[in-house]
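> Here the protein sequences line up with chains A and B, keeping their order.
For the first sequence, our numbering assigns the number 948 to the initial residue and increments by one for each residue that follows.
For the second sequence, our numbering assigns the number 819 to the initial residue and increments by one for each residue that follows.
These are calculated hints, taken from the structure and not from any lab test.
Watch out, some of these pointers could steer you wrong.
[What the hints assert, rightly or not] Chain B is nowhere near these chain A residues, computed Cβ spacing over 12 Å in every case:
{"hint": "1", "residue": "Tyr1070"}
{"hint": "2", "residue": "Gln1138"}
{"hint": "3", "residue": "Asp1169"}
[Unchecked claim] Just the calculated beta-carbon pair ranges, DEER-fashion:
{"hint": "4", "chain 1": "B", "residue 1": "Asp879", "chain 2": "A", "residue 2": "Arg1021", "range": "51 to 59 Å"}
{"hint": "5", "chain 1": "A", "residue 1": "Arg959", "chain 2": "B", "residue 2": "Gly1026", "range": "40 to 48 Å"}
{"hint": "6", "chain 1": "A", "residue 1": "Lys1176", "chain 2": "B", "residue 2": "Ser1020", "range": "57 to 65 Å"}
{"hint": "7", "chain 1": "B", "residue 1": "Ala1158", "chain 2": "A", "residue 2": "Ile1219", "range": "53 to 61 Å"}
{"hint": "8", "chain 1": "B", "residue 1": "Glu904", "chain 2": "A", "residue 2": "Ile1065", "range": "55 to 63 Å"}
{"hint": "9", "chain 1": "A", "residue 1": "Asn979", "chain 2": "B", "residue 2": "Arg837", "range": "50 to 58 Å"}
{"hint": "10", "chain 1": "B", "residue 1": "Phe1120", "chain 2": "A", "residue 2": "Val1256", "range": "20 to 28 Å"}
{"hint": "11", "chain 1": "B", "residue 1": "Ser863", "chain 2": "A", "residue 2": "Lys1150", "range": "28 to 36 Å"}
[Claimed, not checked] With a straight-line Cα cutoff of 20 Å, these simulated SDA-like cross-link-like pairs (lysine to any residue) come out:
{"hint": "12", "chain 1": "B", "residue 1": "Lys1019", "chain 2": "A", "residue 2": "Ile1210"}
{"hint": "13", "chain 1": "A", "residue 1": "Lys1215", "chain 2": "B", "residue 2": "Lys1019"}
{"hint": "14", "chain 1": "A", "residue 1": "Lys976", "chain 2": "A", "residue 2": "Val1036"}
{"hint": "15", "chain 1": "A", "residue 1": "Lys1215", "chain 2": "B", "residue 2": "Arg839"}
{"hint": "16", "chain 1": "B", "residue 1": "Lys1087", "chain 2": "A", "residue 2": "Lys976"}
{"hint": "17", "chain 1": "B", "residue 1": "Lys1087", "chain 2": "A", "residue 2": "Gly985"}
{"hint": "18", "chain 1": "B", "residue 1": "Lys1159", "chain 2": "B", "residue 2": "Asp1066"}
{"hint": "19", "chain 1": "A", "residue 1": "Lys1214", "chain 2": "B", "residue 2": "Ser977"}
{"hint": "20", "chain 1": "A", "residue 1": "Lys1176", "chain 2": "B", "residue 2": "Lys1019"}
{"hint": "21", "chain 1": "A", "residue 1": "Lys1176", "chain 2": "A", "residue 2": "Leu1017"}
{"hint": "22", "chain 1": "A", "residue 1": "Lys1176", "chain 2": "B", "residue 2": "Ser1093"}
{"hint": "23", "chain 1": "B", "residue 1": "Lys1087", "chain 2": "A", "residue 2": "Asp964"}
Positions of the beta carbon are idealized from the N, C-alpha and C atoms, including for glycine.
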Amino acid sequence: MSDKPAELLEVRNLRVDFPVKGGLFTAVKGVNFFIRKGETFGLVGESGSGKTTIGRAIVRIAHASSGEILFKGRRINGRITKELDSEVVQKIQMIFQDPMASLNERAKVDYIVSEGIINLGNYKGEAERLALVQKALLEVGLLPEFASRFPHEFSGGQRQRIGIARSLIMEPELVICDEPISALDVSIRAQVLNLMSELQRSKGLTYLFIAHDLSVVRFITDRIAVINKGELVELAETEELFAHPLHPYTRALLSAIPVPDPIQERKKKLIIYDPACHDYAKDKPAWTEISDGHFVLANGAEAAEYRRVLAR
Amino acid sequence: MKEETILSVRDLVVKFELRGRSLTAIRGASLDLHEGETLAIVGESGSGKSVFTKTFIGMLDQNGRVQSGSIDFEGVDLARYSTEEEWLRIRGKKISMVFQDPMTALNPLRRVGMQIQEVIEMHQGMSGKQAEHAVVDMLDRVGIPDPAMRARQYPHEFSGGMRQRVVIAIAMACKPRILICDEPTTALDVTIQAQILQLIKSLQNDFGFTTVYITHDLGVVANVADRVAVMYAGQIVESGSAEEVFYDPRHPYTWALLSSLPQLGVKGKPLFSISGTPPNLFNEVKGDAFAPRNPRALKIDFELQPPMFQVSPTHSAATWLLDPRAPALEPPAAIQSMRAKYAGGGK
């Protein structure tokens, strides 16, 4: 790709602290990346790595302690104008992991889906609101008459579709998908993944796809960032990352994914990541671009070694 | 491998009474478990895979019962067991279970060591110092560092992976003949998952027990299983060696399940997906339970339940496609490419 689309979102030195007993816990330690318009960007890590916190910082549920989050070139964290605030509320939406927990059990689908536009008030009259809800439901493959039902009447896959409808109705540009299919069955996963890529194509959506399951992420993302303990350790185009994983943590993570192929699985060698393999006493690691668009957290010696590996 | 049958299930039917209605969770499932092997039972939620194995240790919920069929284990029919007293001779002692969520499987108010010791004292007749030694020994075997100190801690002081090791230690405490692992790694991270799977394998090598995995993750199945049984709507629709089921599946449901995996998908193209939902087991299922979701179902699939057809001595599938009168139907592209890969020496 020579003419790359513009950057929609950029995260610069993002740091998120949480107060804990006797001090601060830093969940995200100075993270840098950008997402291009129309792409699917994967953020992969284990539980506790801070991947969800980054997503939440972008939609401003979590407070960024320092650093900048830029949406279309404008800073959206910290103090911002009212107009920009309501624009961000509309243009950046989130889909959550557990469709059983993320829908209000006591509200009807009609209200759940239209809550966002009710808050913004960007429609004229009840008729238009109803029409918007119906359109959103149709777009995610649900029937318009489902609007009068309660969440408990739906299966997990349908509930996730409701979650998607509620973000679509806002006409977002960036959708943050936090493990949107991990709670679903294998056959339902495929349905939801297909729906998401269809919507991306028809509406030009940009996705930040947060997940721990690298096999799913490989299938749908254009680029992947790997996060470990609050730090990005590697970022590259998806196939590049799978073909040439450089950082030892990425390699360990890749080796641990079970592949549905018995012969390959039996031959597999498990790599275990030992943070002690880095010698960072003198030479501190930095976020380094090893080759075009392939970033690794490495110190000088490691970066030289990685370049040698890639050159081979 | 020598094929000695350790547990044999025949035509098992399990029903649950729910709000005055009767749900048939297991609709006549048969299965042989061979000594020393690892069998994986694969299915989606609601397919009955957990209920099926729970009948081996008498852990059905209050409203469930085995209606017919038999479970032969060591010369007795477990399906006839009714009292808790009878089950205590089997459960935990001969057949143990590891559950999905190590957080809820342990008692949060008791020290980890005591929870293991309880099992050892109850089933092995050890007591006092001897039992304590056995506990520390067991924790060491499942790879918990500093076992003597860890034995005195509470579950909340352990990480998820370590907690699952404790649960495995409890299950192993009586040296069972069969270990049932119900989604043992679903709640864990992939790197930890790989370690736990390895641990169970190495324990199996040392102790020589037979393992039954219940999982929906086909990657895990490929990693651990010698044999695979695919469950759908309360029946085993296909079973065979791991190679047979992954590289030469015969049942349309197995085709669909494998094809819908993102690993087999082609980027940029829609993933194969199964439309619809599994049948409602409150109602009687007619014909092949998968037929309504199978776009290429035959007419007979809607009318008559297919019997098990033998593909090879170890491989069988319940689909009319294997009947000699059936039209030749090619499996989906993803399955064909898997098959070609296997024919080419698995490269």
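> Hint by hint, note whether the structure agrees.
Now for the hints, and whether the structure bears them out:
1. Every C-beta of chain B lies more than 12 Å from that of tyrosine 1070 (chain A), the closest at about 32 Å, which supports listing it as non-interface.
2. Against chain B, the non-interface label of glutamine 1138 (chain A) is violated: not every CB pair exceeds 12 Å, the least being about 5 Å.
3. The non-interface label for aspartate 1169 (chain A) is inconsistent with chain B: the shortest C-beta to C-beta separation is roughly 10 Å, within 12 Å.
4. Range check, aspartate 879 (chain B) to arginine 1021 (chain A): about 56 Å between beta-carbon atoms, so the 51 to 59 Å window is met.
5. The hinted range of 40 to 48 Å is not satisfied by arginine 959 (chain A) and glycine 1026 (chain B), whose Cβ atoms lie roughly 57 Å apart.
6. Take lysine 1176 (chain A) and serine 1020 (chain B): their Cβ atoms lie about 28 Å apart, and the range 57 to 65 Å is violated.
7. Between alanine 1158 (chain B) and isoleucine 1219 (chain A) the CB atoms are about 34 Å apart, so this pair departs from the stated range of 53 to 61 Å.
8. For the pair glutamate 904 (chain B) and isoleucine 1065 (chain A), the beta carbons lie near 60 Å from each other, so the given range of 55 to 63 Å is met.
9. For the pair asparagine 979 (chain A) and arginine 837 (chain B), the beta carbons lie near 56 Å from each other, so the given range of 50 to 58 Å is met.
10. The given range of 20 to 28 Å is broken by phenylalanine 1120 (chain B) and valine 1256 (chain A), whose C-beta atoms sit roughly 57 Å from each other.
11. The supplied range of 28 to 36 Å is met by serine 863 (chain B) and lysine 1150 (chain A), whose beta-carbon atoms lie about 31 Å from each other.
12. Proximity of lysine 1019 (chain B) to isoleucine 1210 (chain A) is assessed by CA-CA distance (about 16 Å); at most 20 Å being required, the pair is judged to hold.
13. Taking the CA atoms of lysine 1215 (chain A) and lysine 1019 (chain B), the gap is about 14 Å. The hint holds against a cut of 20 Å.
14. The straight-line distance between the Cα atoms of lysine 976 (chain A) and valine 1036 (chain A) is roughly 25 Å, outside the 20 Å bound, and the hint therefore fails.
15. A hinted pair counts as satisfied when its Cα atoms are at most 20 Å apart, and lysine 1215 (chain A) with arginine 839 (chain B) does not qualify at roughly 48 Å.
16. Of the supplied pair hints, the one linking lysine 1087 (chain B) and lysine 976 (chain A) is violated, its CA atoms being roughly 36 Å apart against a limit of 20 Å.
17. Restraint check for lysine 1087 (chain B) and glycine 985 (chain A): satisfied, since their Cα atoms lie roughly 17 Å apart, inside the 20 Å limit.
18. The suggested pairing of lysine 1159 (chain B) with aspartate 1066 (chain B) holds, with an alpha-carbon distance near 11 Å, which does not exceed 20 Å.
19. For the proposed pair lysine 1214 (chain A) and serine 977 (chain B), the alpha carbon gap of about 29 Å is over 20 Å, so the pair is violated.
20. Of the pairs offered as hints, the one joining lysine 1176 (chain A) and lysine 1019 (chain B) is violated, with about 29 Å between alpha carbons and a cut-off of 20 Å exceeded.
21. At most 20 Å may separate the alpha-carbon atoms for a hinted pair to count; lysine 1176 (chain A) and leucine 1017 (chain A) exceed this at roughly 23 Å.
22. Our distance criterion of 20 Å between C-alpha atoms is broken by lysine 1176 (chain A) and serine 1093 (chain B), whose separation comes to about 39 Å.
23. With a C-alpha separation of about 40 Å, the suggested pairing of lysine 1087 (chain B) with aspartate 964 (chain A) is violated against the 20 Å cut-off.
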